[in-house]
Structure formats: C-alpha cells, structure tokens
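Undergrad: Letter by letter, the chains look like this.
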Amino acid sequence: MNRSSFLFLGIFAALAFSWTGVILVNQLSYGAMTPLVDETEGGAFPHALPGTAEQGRLVYQDLGCASCHTQQVRRPGFGIDDKRGWGTRQSVAREYIFEPRVLLGGLRIGPDLRTIGVRKDGMEGRDGRDWHYRHLYDAKLTSPGSIMPSYRFLFETRQIVGQPSYKAIQSLLPAEAQPQPGFEIVPTTRAEVLVSFLMNLKDTYAYPEAGNVYVAQPKKEGEAGAQGGHK
Amino acid sequence: MLAPSAGGPPRLSDAAIDASTRVPVVVFVASAVAWLLFGTLLAVISSIKLHVPAFLGDLEFLTYGRTRGVETTALLYGWGFNAAFALSLWLMARLSRGCLLSPVLLMVAALFWNLGVTIGIVGIFVGDGSSLEGLDMPGYAAPVLFLAYLFVGIWAVQTFQSGRSEHVYISQWYVLAALFWFPWMFSLAQIMLFVSPVRGTVQSLVHTWFVQGLFYLWFVPIGVAAIYYFLPKLLSRPISNYYLSVYGFWTLAAFGGWAGMSRLAGGPVPAWVVSVGIAATLMLLVTWVVAVVNFFPTLFVGRSGEHAPGVFRFIAFGAVAFIVTLLAAVVLSLRGVAEIVQFTFVYTAQAQLSFYGFFSMVAFGGLYYLIPRVLGTEWRSPALIGFHFWLSAIGVLLSVGALALAGSKQGYAMNILPAGQETPVPVATIVQQLLPYLSAQTLASTLLLLGHLVFAVNLTRSLCAAFSSALRTPASVGYLSPKEAVLR
Amino acid sequence: MSADSPSPTTKSDFPDNSDESIQQVHADLLENKPEPKEGYSVLPLFLLGLLSSLVFVCSIYVVHYRGGFSPLIQDERFDPKKGSNAAAAVVDPVATGKRLYAMPGMCVTCHQANGMGVPGAFPPLVNTDWVTGSEERLIRILLNGLNGEIKVNGATYNGVMPAFGQGAGGYNWSDDRIAHVLTYIRQEWGNTAGAIDPAKVTEIRTKSAAGRGAKAWTAAELEAIP
Chain A
1 MNRSSFLFLG IFAALAFSWT GVILVNQLSY GAMTPLVDET EGGAFPHALP GTAEQGRLVY
61 QDLGCASCHT QQVRRPGFGI DDKRGWGTRQ SVAREYIFEP RVLLGGLRIG PDLRTIGVRK
121 DGMEGRDGRD WHYRHLYDAK LTSPGSIMPS YRFLFETRQI VGQPSYKAIQ SLLPAEAQPQ
181 PGFEIVPTTR AEVLVSFLMN LKDTYAYPEA GNVYVAQPKK EGEAGAQGGH K
Chain B
1 MLAPSAGGPP RLSDAAIDAS TRVPVVVFVA SAVAWLLFGT LLAVISSIKL HVPAFLGDLE
61 FLTYGRTRGV ETTALLYGWG FNAAFALSLW LMARLSRGCL LSPVLLMVAA LFWNLGVTIG
121 IVGIFVGDGS SLEGLDMPGY AAPVLFLAYL FVGIWAVQTF QSGRSEHVYI SQWYVLAALF
181 WFPWMFSLAQ IMLFVSPVRG TVQSLVHTWF VQGLFYLWFV PIGVAAIYYF LPKLLSRPIS
241 NYYLSVYGFW TLAAFGGWAG MSRLAGGPVP AWVVSVGIAA TLMLLVTWVV AVVNFFPTLF
301 VGRSGEHAPG VFRFIAFGAV AFIVTLLAAV VLSLRGVAEI VQFTFVYTAQ AQLSFYGFFS
361 MVAFGGLYYL IPRVLGTEWR SPALIGFHFW LSAIGVLLSV GALALAGSKQ GYAMNILPAG
421 QETPVPVATI VQQLLPYLSA QTLASTLLLL GHLVFAVNLT RSLCAAFSSA LRTPASVGYL
481 SPKEAVLR
Chain C
1 MSADSPSPTT KSDFPDNSDE SIQQVHADLL ENKPEPKEGY SVLPLFLLGL LSSLVFVCSI
61 YVVHYRGGFS PLIQDERFDP KKGSNAAAAV VDPVATGKRL YAMPGMCVTC HQANGMGVPG
121 AFPPLVNTDW VTGSEERLIR ILLNGLNGEI KVNGATYNGV MPAFGQGAGG YNWSDDRIAH
181 VLTYIRQEWG NTAGAIDPAK VTEIRTKSAA GRGAKAWTAA ELEAIP
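Chains as they are written, first to last, in the numbering used here: chain A, 1 to 231; chain B, 1 to 488; chain C, 1 to 226.
Everything labelled a hint here was simulated from the structure, so no lab data went into it.
Keep in mind that a hint or two might mislead.
Derived coverage of chain B by chain C (criterion: at least 3 residues anywhere in the stretch with Cβ under 8 Å from a Cβ of chain C; other residues may be distant) [as the list claims (entries may be wrong)]: (1) 38-44; (2) 239-247; (3) 273-281; (4) 285-298; (5) 375-387.
FRET-style restraints, in silico, Cβ to Cβ [said to hold, decoys possible]: (6) A/159 <-> C/190: 32 to 40 Å; (7) C/210 <-> A/52: 51 to 59 Å; (8) A/159 <-> B/54: 22 to 30 Å; (9) A/47 <-> C/77: 54 to 62 Å; (10) A/20 <-> B/140: 22 to 30 Å; (11) A/161 <-> B/439: 30 to 38 Å; (12) C/127 <-> B/416: 49 to 57 Å; (13) B/418 <-> C/69: 32 to 40 Å; (14) A/218 <-> C/44: 48 to 56 Å; (15) C/77 <-> B/412: 22 to 30 Å; (16) B/432 <-> A/188: 28 to 36 Å.
By construction, the Cβ of each residue, glycine as well, lies at the ideal position given by its N, Cα and C atoms.
Given the sequences, and given the hints that come with them, work out the whole structure.
TA: Here you go:
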C-alpha cells in the first residue's frame, strides 16, 4: 500500500471514528426512542404539540428566537436553573422526540423557555396569552431592562369594522402605544400561533430517567420513598 | 507517494504556477472579500442591536435572530470558505509543483458556491432559516453548495494525481484532509437534520458535531496548513522541530471530531458523549504542544531576513491566536468551567478568537502574500496593509476581550448563587450590566469593518492595476507569458 | 528531484525559501534518519510522556464519568448499578388519584364526579366511615371487590364493586394506583382522612388478604375487620 493510500485511509478512518461514536452509536441506541406509556397518568409522554403550537414552532424558528433563548433546563446542581424557576428537573432526551427541529439554543441573553408555559404563575388561558402578547409587542412592558427587540411587526393596526375584535390587545398597552380612535391592534396569525407554541412548552411530567441524578447519600438505612412512589 | 515524475519533466517556476492559478484565485478572493464586507456589516448591525434593541427594529427582515444567522453564514461560508478555497488551491498548486489544472472547473465551482451562499442568505432573510447556529442556511441551499464542492473535489483529486513533486509537505496533508472531511460532514449533517431528520436530541448531537467539526476539521487544518507554509517562506528558515508535525496532524485527525461534544455538557444528551468529548479535547493538548514547539521557536528564535513584514505580522498573529484558542478550548471544555460559562458570551469570544483571530488573520496574511504573485503586480497601496493589520488586530483583541469579560460576568451572575443570597439576579438585570461590554464589542466590530474596507480598497486597486497592465501588454494575456517561461 | 537545491540540515543552511527546499525538510524526515547521537532528545520524550499520561488520565475520566454509557443518563456522576443514589421523583398522589378517579369507565361512572353515587344503585363516598375510617376495609374493597348488601349512611345498596387489585381477575391496577385513588377520595368532597401508603396496599394484598384473589368481600366480612 503506497503512502498516499495510507494517508487517505487514515483521514477517512479519523472521520469515520468520530461519526460512528458520536452519531451512529447514539442513533442506534436512542434514535428510535418512543413515548413513555403511563397508565397511572392515563397517557403517553411526551405529548406532541397541538397543530397551532407546531405552526408556532415554525415562527419561533423563522424569527431566530434560539439565538438568545435556550430550551434546555440543566439539572439542579449544575448551574442554578432550578433556583431561577426554570424547571424542577433537568430536561430529558425523551421530551424532544416529537420535535421536528430540536432547538436547544446556545446562548442565554434571555431566560430559558423550556417550561415557559407553566411559569407564569396563575396565568392561564387569556391571562397567559396576554402576557405573551405584551412581551412580544414590547418586552420592556413586562420585563424592565430587557433588551429583547420589539416584535411589533407581528401585530397589525387595523380599522375597527363593526364590533371591536375580542382579540384586540391595545387595552394591554400603555398610552403612548394606543392606536388612533377607530383603530385596534390585533395579533396576526403568526403572533397567535407563536404564543400557542410558547404556552405549550410545559412538559413537567416526572420521567423516571429524570431521577437518574446522583445524590450524595449519607450513610443511613431505610431510604423510604427513594425509589418508590412511582411505577 | 505522488505519481513520480520520471525522466525529469520541466521544472516549473513559481511564477508559472502562480500565473496558472490566476483566474480562479482572483474569483475566489474577490468573492471572499465581498462576503467579508457584507458579513462584517451585518455583524456591526447585530452588535448594535444588542445594546440598542430599537435599532432598525421595525424591519422584520432585520430582526436580530435573522441578522445573526446571516452574519454567521456570510462570514463562515462566504468569506471563510472562499478564502480557504483560494489559499488551498494555491498551496496545492505550489506544493505539488504543477500548473493548475481545470481552471474553468474551479470558476464554475466558485460561481455555484457563491450562488448557494446567496440562496441561503436570502432564505434566512425571508424566514426560512434553520435557526441552528453555524448551519443557519435553509436546506434548499445545500444542493447548490454540493455541486460547487463536487467541482472543487474533482479538481483536488486531479491535482493530487498529476502532481510533479515527489515530496509531500505537511500543509498538503492538512489541506487534503480538510477537503476530504468537509463534504462528508456537511452531507451527513444535511441528511440527518434536513432531509430525513433524526429523532429528538440526536439532532443536537449531529448539529454540534458538524459545527465543531467545521472548526476543528476544516478551518483549523487549512489555517495551520497556511502557517506551516508561510512561516518558512517568510522567514527563510524551516519550521523548528518540524518532524513533530505529523503527530499534531494525526492527533487532530483522531480527536478533532470528538472534541466539540463537550459543548453539550448538562444537556439532554447521554452523559458519556460529553465525557468522551472532554477527554478528546484534553488529548488535543498533544496537538497544542506540537503547535507550540513548531511555531513559537520559528517565530521568535533567531534573527533572519523577514520577507514582507506586513504579511508576516498577520501570520504571526494568527499562529499565536491559534495557540491561545486551542488552549482556551481545552479549559472551556472542563465541566466545572462549562457550568459557569455555558450559554454566555465566553463561547462567542472563543468563536471570535478562533475564526477571526486565528483563521481570518492567517487568511489575510496568506492572501496578501499570494495575490501579488498571482497577479504579477505588487500591491497598489502597501501602506494600507499596515492599516489593515492594526485595525484588525486591535479590533479582534478588543472584541475577544470585551466578550470574554461580558461572558464571565454573565456566567457568574447567571449560574452561581452566592451564599446568603436567596433569589438569583433576574436575567434582564444581568444583561443591563453587560451593555458597556457589548458597546465595546460594537466598536471592535466597526474597527474590523474599517480594516476590511481598507483591504477591499487595496484589492480593488491592485486588481484594476493588474487588469489594465494586462491590457496594455497583450503578450502577457493568458496564463504563461514569454517572460514567465518554463525553466529547464 | 531537485538535486541542485541544497538540502538544509541546520537552521543556517536554509538560504532560499523555495518550495522545494521547504518540502526537502519533509523528505529528509522520511528518507534520512538523523545521525545517531549520544543521549536522547528531550522533546519527543516529553511528547511521548504527555501522550501516555493524557491517554491514562482520559481513560480514567471516561470510565469514571461514563454514566453507564446509557442514553437515559445525563448526569455523569450517576451510576446505574447503584440505583439507590437516584433523586426521588416527585409524584403528587392526589393529582394522580384525581385523574384515575375520572378515567372513563372507572370510578366516576358509578360513584359520580361529586362522589354522591346513584341512590339505590351505587353508594356515596362522601362523609362515610367506609371511606374515611379504617384503611384495612377500604383497601380490601378495592383489591378484591365487594358483593352483596352494604349499608352506607343509612341507605342500603346491593351492587357489584369490581376488583381492582393485582391478581384479582379485574382491572389489575398497581398498588401505587390503588393507594393514589384512595388518597384522593379520602380528602375530596369534604372528607378529611389521611393518605394511603402504597406499601400498606402491598402488605394487605400479599399478606393479610393473600390468596383472596377474585373472591369479592361481603360487608359482613369487612365489618369483622378492625
């Protein structure tokens, strides 16, 4: 075998080595991961997102939200994600199996969004959506000091025809943002589906593998409830 | 080894070889610089948006998420790849001692590559971006890029097989390796993320493997190949302890593909992948030591004639930056450090140091060296080379420093709760404290933009001068002029 | 071969920086072995030492932090063989019990969402000693079912309560589920009795009422149990 063949073989083997180990092995080991069926809860977890939320994911992608927001909660003890209220447990691999594009993100200029759907305490339904609309219209309204850009272009100002729309959000906005009389500000479809997406980021199911966290054990007998309490 | 040249074929002069590379190199360099200007402009815009969020805020296509994607794509795939192609094809032609074959093939490659990058960037602007950092282009840009690369690949194989030099230099190994590795990584990433996406966080593994591979297995080999070639050229002395360079090559080859996986520490991926990634990054310390003993003594020990100090400064800066960035990569991969600096501007600083401080500076040096030889004329405004260097050097140092400081501050505030403090500092408050550093980074980006404008002006003037002198002396039109005769 | 250009053997012998002489260095490396010398050169020894120690350190690191090479383990310190060092999963028994109660075809079908049952057919679960009283009786009812007459809050019911426990030929619910749903009904609709421990359910099923299987209880038998 002459030198250049040896060189090519080595170069090929080098890449094959990392691809096999990093990608192939993992694809074989958990590339076909299925949801967990939990009869106690009466369902399979994770849930795929409803249709409007999936459309919202496309808006999230198109606007590049992942350049400032992550979607992964780190385990308690590795950073302080739990103390920030971003999640009581780490995000597990199984949570992401239904996502057409997994956007873990790489930079946190803004908070993590993995559990944003459960985070606004007591804000369900209309209250939750309203918070998100205000935040998208101008982040400083809900989060003073935020440098998140304004997504005003996701809303349209239009003339009120007949009845004012129930979707109108100008009541949430301060005086300087009010439209002229006879006009209302409504979210476009893109804003609506984006908010649906954000409100559906709420997987707090207690996956068994989320318990695979090392806990330093004091030497004690009878750790009641350490493994029990769930199937 | 290479196809032996039996019977003593004509030994080509450097000038003949350079002249044969003229058209493809000029096309690649011109496109590279155009993308560089565009990308740096977008970088300035994105940087301003961080501390002045309302800047150009009403235009949907200029929202931060999209400008960031366009900036990365234009700089990596527009400037980085075109410069890498220009450097590597010239290096290969020179080192294989053969005239460039199939220049038309390469011009078509350049055309398609730039078309692909343009399609990708337009796609991001209209909202089809993938939102995967480092791979922001929509999937439909990939086939065009593949077609371009196919032409480059065909050319590389042809050149290698028809090379007249019996010897191989380490730069050729690095260039060949990079040219081989990239299409495989890119095609696998495209298939497993766009064409037939894999399930769940295996996507994150593929994405991280590709983006980190872009650094360790494309830009590092090409940059290092250039350093190994230009240092002896400029200093008229060989690389010190050159015999160790093969160890550096093979350790980079073996571990470079794994090393980036440490970025996923704490993420929803198997822990063992991260551990192996950290171990692989540690193994790259061997590559680091080889780089240190090859480059430092060559740069600093002994005095011998420096050809073209203007060019030398770029290469030297790049070599030092390489050594710093590789060591930084090792330190940042450790879990204890990653816990603090993950998701902060420290990673942005590392990317800036590695892509700009190392690769781009080496590329500038290399281009400043090869363009006059390829064109057959000197630089029109040699004084501008000095301006470019200082603007770029100060710009990148300021940028890396500001981002590193911002990132450390951000990391400590975001990821550590000091004893006695109950509630963590809100994210918005932390970010407000970073604004001065981000403003410094905007200043740095502006300096870089000015440096690139200086380069572009110099290049344009030199191209025009070369073109007009070519027109004035019709005998020199074509690849070989009577003056650049084949030596016997 | 560029026989006419000098081959550099020392740093001072590198007068021209032509490509051939650059490549000559590589050729010398491959073709000419260096002159044998006294002693050893420090650098390759250092590199060899570095490589060996790195391989050693990295192997130990990977083995120690391998997390069982499992895709389900994201904490590198976690050893799956020592399962007991896992963090406890937090489960809310009342919330789970509520979902179980309301599952279609289950408890809610007969005992109704308000726990009042259907007069003459299914007994209420509200404010009755059968629910808030003895654990032993309540658990047995769910494990093996109840047939025959039963007097609840002054009214008599004569129905069939199916068996929910493991091995009773009915719904085969786990002990956890039985404990959760019982915990739920014992604190709902104004009831204020304590939670049921899954361990207690297991104990009754495997010890006290072992072998009972599909044989449903009668009210008389249950009343005999304290």
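Undergrad: Take the hints in turn and mark each one as holding or not.
TA: Evaluation of the provided hints:
1. 38-44: violated (count 0)
2. 239-247: holds (count 7)
3. 273-281: Answer holds; 6 residues pass the 8 Å Cβ test.
4. 285-298: Check passed, 5 qualifying residues.
5. 375-387: With 0 residues close enough to chain C, the hint is violated.
6. A/159 <-> C/190: 32 to 40 Å: 54 Å, violated
7. C/210 <-> A/52: 51 to 59 Å: 53 Å, holds
8. A/159 <-> B/54: 22 to 30 Å: 27 Å, holds
9. A/47 <-> C/77: 54 to 62 Å: Violated, since residue 47 of chain A and residue 77 of chain C (Cβ atoms, about 31 Å apart) do not stay within the stated range.
10. A/20 <-> B/140: 22 to 30 Å: At 29 Å between Cβs, range holds.
11. A/161 <-> B/439: 30 to 38 Å: For residue 439 of chain B against residue 161 of chain A, whose Cβ atoms are near 46 Å apart, the range 30 to 38 Å is violated.
12. C/127 <-> B/416: 49 to 57 Å: 53 Å, holds
13. B/418 <-> C/69: 32 to 40 Å: At roughly 36 Å between Cβ atoms, residue 69 of chain C and residue 418 of chain B fall inside 32 to 40 Å, so the hint holds.
14. A/218 <-> C/44: 48 to 56 Å: 50 Å, holds
15. C/77 <-> B/412: 22 to 30 Å: 23 Å, holds
16. B/432 <-> A/188: 28 to 36 Å: 30 Å, holds
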